[in-house]
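The listed protein sequences correspond, in order, to chains A and B.
In terms of the numbering used here, the first sequence is numbered consecutively and its last residue is 250.
In terms of the numbering used here, the second sequence is numbered consecutively and its last residue is 95.
Everything labelled a hint here was simulated from the structure, so no lab data went into it.
Incorrect hints may have been included.
[As the list claims (entries may be wrong)] Here are a few chain B residues that face chain A, going by a calculated C-beta distance under 8 angstroms:
#, residue
1, Asp76
2, Gly77
3, Val81
4, Lys85
5, Ile91
6, Ile94
7, Asp95
For each residue, glycine too, the CB sits at the ideal point set by N, CA and C.
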Amino acid sequence: MQYPTHFIANSDYPFDMIIYYKYVEFTKGTSPTSFAHNLGFTPLIFGSYSTTEDFEITRSLCDNRVQIESDETNLYIDAGGSAGTKYYMKIYGFAPISWTGDCKPTAQSNTALLFDTDNEYSPLLAAGAVQPRRMDNPYTPGEQTGLAQTIGETGYVEIEGRSSDISLYYQEPLAPMVMMWLTKAQTNRTILKSNTIFFETGHGLREAPYATYNVAGAQGDGKMAIAINVGTTRTGMPNYNDTVHFRVYG
Amino acid sequence: MPNRFTPITSTQSTKAALQQINQNFMQLDAEAFTKTVQKGGNNQVMFGKLPNNRYGLLIYDDGGMPRILIGQAPKDGRPGVWITKSGFDVINEID
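Full structure from sequences and hints, please.
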């Protein structure tokens, strides 16, 4: 057993790389609502925004007021509020696991140190890109059982395929954090869906994707599980080619 | 000499001098595999062939606890970088 929580840095788990960063001052009604990112692939975008330049009150770029979508070419800002409202945004991006090409350097730090083990580095325990389970395909029995992996024991894992649920088993005292994005096939745009949102069993949402945090008991002996729900589909449904991207940090 | 080689004095017999030379060579030969730097009797840095027969650079904290390994993992020799929190022996923590 290799406890990620005992390490400050551990190269068995990648140090996740920010492949995109942009600071944006956006005025509702006058600023362009889209701009090119020049990456050559669809980034997994996240970040924060504020209505004041000093970011005194900071909110996530996936709340009900400001959202950012991405596709292979552009970022699209959807900001609420009245015309003239100004937003200050710090926009970050990851590369999805399906991207294997080059990325431009984005190294930055608020100190002179780009790598500083006085701070801990959250290990990337798992990442994935999973599509909804097909309910009407008799030739894919594997899709009926879901995907499962143990995380935090033997190094970084990647998960791809089709499944309605992804079960990620881990051992206390690990307390993983999940980030999820949804690529909608109908628009071909990708958007952050949640950030560290967990629901105990029985409180699940019905709109995929969502993550369920399963407390000890079902697994026993301090074994825990995260269930990421990707949803189901049938041939011809709008979500047939949707993809849920996720990243899990320790 | 500030380290571990013993100087040969002018009053030593030829036999004693040869023994001392060979002992110094043994020290030198050992350091071709493992270089260990100590302070106050505690290891500070070890480089080369490590006690577990893997190779790498091992850095200790003030209490003598190995905390940083840049080298081969104990179990399978895969190369990597591992840094443990205070109180955890980095060699024991890596599978």
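Here is how each hint holds up against the structure:
Restraint check, B/Asp76 versus chain A: the minimum CB separation of about 11 angstroms is more than 8 angstroms; hint violated. With 8 angstroms as the threshold, the beta carbon of B/Gly77 stays out of range of chain A, its nearest partner Cβ sitting at about 13 angstroms, so the hint is violated. A distance limit of 8 angstroms between C-beta atoms decides the matter here; for B/Val81 the minimum to chain A is near 4 angstroms, and the interface restraint holds. Below 8 angstroms, beta-carbon pairs count as interface contacts, and B/Lys85 has one with chain A at about 6 angstroms; its hint therefore holds.
Of the supplied interface hints, the one on B/Ile91 is violated, with its beta-carbon coming no nearer than about 12 angstroms to a beta-carbon of chain A, more than 8 angstroms. Checking B/Ile94 against chain A: minimum C-beta separation of about 6 angstroms stays under 8 angstroms; hint holds. Hint on B/Asp95 holds. Least Cβ distance to chain A is approximately 4 angstroms, under the 8 angstroms limit.
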